[in-house]
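The listed protein sequences derive, respectively, from chains H and G. Everything in the first sequence is counted per my numbering, starting at 2 for the first residue and increasing by one. Everything in the second sequence is counted per my numbering, starting at 537 for the first residue and increasing by one.
It is worth saying that the hints were derived from the structure and are not from the lab. Note that the structure is predicted; figures quoted are calculated from it, not measured. One should not assume that every hint holds.
[Claimed, not checked] If the Cβ cut is set under 8 angstroms, some of the chain H residues that face chain G in the computed set are:
{"no.": "1", "residue": "Val103"}
{"no.": "2", "residue": "Gln116"}
{"no.": "3", "residue": "Tyr238"}
{"no.": "4", "residue": "Pro256"}
{"no.": "5", "residue": "Thr260"}
{"no.": "6", "residue": "Val286"}
{"no.": "7", "residue": "Gly294"}
{"no.": "8", "residue": "Gln302"}
{"no.": "9", "residue": "Ala409"}
{"no.": "10", "residue": "Lys410"}
{"no.": "11", "residue": "Asp447"}
{"no.": "12", "residue": "Asn455"}
{"no.": "13", "residue": "Pro459"}
{"no.": "14", "residue": "Ala460"}
Cβ coordinates follow ideal geometry from the N, Cα and C atoms, glycine included.
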Amino acid sequence: MSEHGLPADVSRRQMLVRSAAIAAMVGPGSALAAGCAAGSGSSPKNNNSGSSTGAASSDPKNPFGVKASDPLDVYIFKGGYGDDYAKAFESMYSQKFSGSQVGHHSGQNLTGDLQPRFNAGSPPDVIDDSGAQQLKLDVLNNSGQLTNLDQLLKAPSIDDPSKTVKDTLLAGTVEMGLLGQSMFSLNYAFTVFGLWYSSALFQKNNWQIPKTWDDFMTLCATIKASGMAPFAHQGKYPYYMMVPLMDMVAKNGGPDAQTAIDNLEPNAWKSDAVKNSVEALYMLVDKGYMLPGTEGLTHIQSQTLWNQNKAAVIPCGSWLENEQLKATPADFGMAVFAMPSLNGDKMPQTAIRAGAGEPFIVPSKAKNKAGGLEFLRIMCSKAGGASFAQNANSLSVVKDSITPDIEAKLKPGTKSSNDLYQAANGQIISWYYLNWYSQMEKDLEDAMGQLMANKIKPADFITRAQAAADKCASDSSVQKFKRPTT
Amino acid sequence: MRLRKKTRERLFIASFLAGPLAVYLVFVIWPYIETFGYSLTEWSGVAPPSRVVGLKNYADLFHDSIFLKALGHNMIILIVFPTVTIVLAMFFAFMLNVGGRRGGLGGVKGIRGSAFFRIVFFFPQVLSVAIIVILFQAAYESNSVGLFNAVVIKLGLTDANHPWEFLNSPTFVLWCIMFILIWQWVGFYLVLFSAAMQQIPRDYYEAALLDGAGRTQTYFKVTMPLLWDSVQTAWVYLAVAAMDAFALVATLTPGSSFGGGPDEHGEVLATYLMRNFQVLGKAGYACAMGVVIFFITLILSLVVMRATRRERLEY
Numbered sequence: 002m003s004e005h006g007l008p009a010d011v012s013r014r015q016m017l018v019r020s021a022a023i024a025a026m027v028g029p030g031s032a033l034a035a036g037c038a039a040g041s042g043s044s045p046k047n048n049n050s051g052s053s054t055g056a057a058s059s060d061p062k063n064p065f066g067v068k069a070s071d072p073l074d075v076y077i078f079k080g081g082y083g084d085d086y087a088k089a090f091e092s093m094y095s096q097k098f099s100g101s102q103v104g105h106h107s108g109q110n111l112t113g114d115l116q117p118r119f120n121a122g123s124p125p126d127v128i129d130d131s132g133a134q135q136l137k138l139d140v141l142n143n144s145g146q147l148t149n150l151d152q153l154l155k156a157p158s159i160d161d162p163s164k165t166v167k168d169t170l171l172a173g174t175v176e177m178g179l180l181g182q183s184m185f186s187l188n189y190a191f192t193v194f195g196l197w198y199s200s201a202l203f204q205k206n207n208w209q210i211p212k213t214w215d216d217f218m219t220l221c222a223t224i225k226a227s228g229m230a231p232f233a234h235q236g237k238y239p240y241y242m243m244v245p246l247m248d249m250v251a252k253n254g255g256p257d258a259q260t261a262i263d264n265l266e267p268n269a270w271k272s273d274a275v276k277n278s279v280e281a282l283y284m285l286v287d288k289g290y291m292l293p294g295t296e297g298l299t300h301i302q303s304q305t306l307w308n309q310n311k312a313a314v315i316p317c318g319s320w321l322e323n324e325q326l327k328a329t330p331a332d333f334g335m336a337v338f339a340m341p342s343l344n345g346d347k348m349p350q351t352a353i354r355a356g357a358g359e360p361f362i363v364p365s366k367a368k369n370k371a372g373g374l375e376f377l378r379i380m381c382s383k384a385g386g387a388s389f390a391q392n393a394n395s396l397s398v399v400k401d402s403i404t405p406d407i408e409a410k411l412k413p414g415t416k417s418s419n420d421l422y423q424a425a426n427g428q429i430i431s432w433y434y435l436n437w438y439s440q441m442e443k444d445l446e447d448a449m450g451q452l453m454a455n456k457i458k459p460a461d462f463i464t465r466a467q468a469a470a471d472k473c474a475s476d477s478s479v480q481k482f483k484r485p486t487t
Numbered sequence: 537m538r539l540r541k542k543t544r545e546r547l548f549i550a551s552f553l554a555g556p557l558a559v560y561l562v563f564v565i566w567p568y569i570e571t572f573g574y575s576l577t578e579w580s581g582v583a584p585p586s587r588v589v590g591l592k593n594y595a596d597l598f599h600d601s602i603f604l605k606a607l608g609h610n611m612i613i614l615i616v617f618p619t620v621t622i623v624l625a626m627f628f629a630f631m632l633n634v635g636g637r638r639g640g641l642g643g644v645k646g647i648r649g650s651a652f653f654r655i656v657f658f659f660p661q662v663l664s665v666a667i668i669v670i671l672f673q674a675a676y677e678s679n680s681v682g683l684f685n686a687v688v689i690k691l692g693l694t695d696a697n698h699p700w701e702f703l704n705s706p707t708f709v710l711w712c713i714m715f716i717l718i719w720q721w722v723g724f725y726l727v728l729f730s731a732a733m734q735q736i737p738r739d740y741y742e743a744a745l746l747d748g749a750g751r752t753q754t755y756f757k758v759t760m761p762l763l764w765d766s767v768q769t770a771w772v773y774l775a776v777a778a779m780d781a782f783a784l785v786a787t788l789t790p791g792s793s794f795g796g797g798p799d800e801h802g803e804v805l806a807t808y809l810m811r812n813f814q815v816l817g818k819a820g821y822a823c824a825m826g827v828v829i830f831f832i833t834l835i836l837s838l839v840v841m842r843a844t845r846r847e848r849l850e851y
């Protein structure tokens with residue numbers, strides 16, 4: 002089994018899929034979680050104090066008491082964002098603490114590289130824990146391997162010591178990293194989800210961006226009549242189609258439907274919101290609006306066909322632009338719109354799923370925990386955010402770090418997703434179940450794949466989804482969480 | 537003190553074996569033992585095991601419907617893949633070595649261009665799994681531009697708006713994977729069987745021909761029985777490969793985290809093991825699966841060796 006033979010693309014897609022915005026919303030309940038891989042009492046607890054953390058000083062320049070003599074060990078997931086941005090952070094760190102040694106490691110096989118180090122109790126000091134081989138945050142936390150990052154949030158900001166680090170982060174960032182009441186991962190890259198299209202193509206045909214699902218169906222009929230497939234999706238990974246579905250459920254059902262589903266309440270999936278949404282989405286299949294065969298295509302295959310105008314619309318997160326950089330024609334005009342609304346929606350049409358991805362963690366057994374925390378604090382500075390935008394070609398969660406000259410360099414898709422985020426005006430959709438309950442998400446994806454392949458009908462999908470939730474609810478080996486009430 | 541000759545001889549042999557044996561012990565035997573140990577614990581995979589649960593993981597396995605489904609799929613592969621591979625490899629090897637019309641040494645030779653075919657058939661063996669995956673991803677592509685779909689559409693079996701799903705079809709996904717496995721391995725066993733056939737003395741064939749045996753008779757009465765050792769080897773290796781199939785299933789079949797789709801119709805033991813080990817935080821449970829796979833493979837090898845044991849003919 003040593004030969005994975007994974008093409009780089011596959012692992013890169015999964016890194017984005019698993020880590021991007023939706024990811025990292027690992028559940029509350031770390032207090033419950035300590036030593037709770039499945040209810041055992043003897044596993045190592047959190048707060049296994051490292052060598053240099055207790056020495057927190059009140060110096061705003063060095064709140065964690067970093068000693069320049071302690072080497073810093075950094076591990077970066079080398080995916081769509083590369084690792085140049087991390088090298089920039091590292092040189093900022095070593096400039097600040099002259100004489101400090103920073104060890105840089107990067108790769109895609111996080112489990113292979115890091116699982117043994119966690120087991121042996123000698124993990125790196127900072128990890129960008131992302132990608133297909135990501136070490137699951139709930140699993141790490143259940144085993145007491147994560148440092149509580151609340152001390153980072155409370156620390157003074159580098160740019161303005163009168164503010165805390167928390168004040169400098171975009172709304173929603175902290176929530177993304179919560180396990181219970183505390184933040185255990187800093188999700189650093191900012192991602193926006195929606196339906197993507199070519200503005201050049203839409204302009205040429207005088208197609209309008211649909212606001213309601215009915216408008217969208219009319220548009221699809223027009224597009225199909227013009228000889229183009231209206232819709233493509235990354236069918237090999239049904240995860241992608243779960244995003245538009247659950248966006249529709251959130252908008253149609255509002256907080257009640259979301260709470261019921263995230264909290265595994267009985268019959269949560271039998272609500273009207275779910276029924277309306279599944280039936281609406283299934284119309285794409287039923288009316289033949291899908292690109293023929295898209296249900297079996299990889300993300301790269303389907304997205305490339307979309308770039309070639311074989312299909313008009315595709316669902317994705319804002320990593321899409323970077324992922325398709327080479328396949329996108331110069332005059333494509335990549336842009337994104339929010340999921341159209343159904344009748345009786347409880348959230349505005351402009352509401353979107355957006356948020357922080359790419360979780361950074363400091364292991365609780367790291368030798369230089371103070372250095373790890375300081376590294377994250379440097380990332381949260383304006384200089385850090387600007388550096389990320391330039392080196393990783395993506396927005397970060399640091400407020401006001403995009404200066405006008407950087408904004409001018411944004412690519413059309415990134416700019417469009419930024420506009421979409423502004424238009425949402427704080428109406429952000431978030432789902433927790435998919436990182437709390439990996440097995441349930443897997444079961445849902447299996448059913449979604451079958452629905453999109455027209456092997457099952459909406460009613461079957463709902464039955465299977467409810468069964469998956471019930472199975473999860475009754476599985477005593479799975480730790481349960483409650484959706485935060487806001 | 538002088539050691540006895542026999543003792544010295546043994547020491548001499550042992551000194552050569554010690555190195556490889558140590559490597560084998562450390563990197564093969566010890567991990568097996570450790571896996572067995574971990575399989576008795578509750579272990580998340582990212583911290584030392586939390587507690588010992590005895591045989592609970594094993595008991596759970598036999599109530600796990602996905603595990604049983606995956607096991608069933610491995611059994612199908614185990615029956616189909618080695619059988620078809622060996623039959624095809626034997627047939628091709630026979631054609632390449634003694635299938636020619638007439639002439640040649642003692643009236644026996646391969647079909648025309650056999651040297652060329654031998655190389656062509658061996659090609660898939662030279663390719664790395666990563667390349668095979670990319671090749672077949674394009675070949676099985678589920679829309680009209682996929683290689684196989686282009687062919688079936690040209691043949692008029694379907695149209696561009698209804699391309700075949702191949703890897704995304706619950707019915708055919710396993711067969712698509714087996715096709716690749718067979719394609720990949722036939723060449724290797726063809727060469728193996730060819731080498732074995734060339735060791736069969738030509739005068740056996742000559743004698744058979746003189747006695748009026750046809751090609752089919754020669755094949756079944758002379759070639760097959762004399763190849764038995766190679767076939768036995770092939771069975772064992774192919775059975776082991778059939779219990780694995782990890783790389784192809786994990787990369788080609790639909791679904792996040794090691795594929796296995798659509799809807800678990802492509803799941804095999806190895807992919808289910810990896811998902812539990814790396815994604816679901818059930819490393820101890822995954823170790824129990826590993827131990828079960830180990831014993832199944834071991835028993836299979838023993839059964840094959842036993843069942844195919846024949847008297848050896850010296851020539």
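Consistency of the hints with the structure:
1. Val103: With a closest approach of 24 angstroms, the H/Val103 hint is violated.
2. Gln116: holds (6 angstroms)
3. Tyr238: Since chain G brings a Cβ to about 6 angstroms from H/Tyr238, closer than 8 angstroms, the hint holds.
4. Pro256: violated (28 angstroms)
5. Thr260: It is violated, given that the least Cβ distance between H/Thr260 and chain G is near 25 angstroms, above 8 angstroms.
6. Val286: violated (13 angstroms)
7. Gly294: holds (3 angstroms)
8. Gln302: H/Gln302 check passes; min Cβ-Cβ to chain G is 6 angstroms, inside 8 angstroms.
9. Ala409: violated (37 angstroms)
10. Lys410: Violated. Min distance 33 angstroms.
11. Asp447: At 5 angstroms from the nearest chain G Cβ, H/Asp447 passes the 8 angstroms test, so the hint holds.
12. Asn455: Check failed: Cβ of H/Asn455 comes no nearer than 10 angstroms to chain G, outside 8 angstroms.
13. Pro459: violated (16 angstroms)
14. Ala460: Since the shortest Cβ distance to chain G is 17 angstroms, the answer is violated.
Hints 1, 4, 5, 6, 9, 10, 12, 13 and 14 from the list above are not met by this structure, while the remaining hints are.
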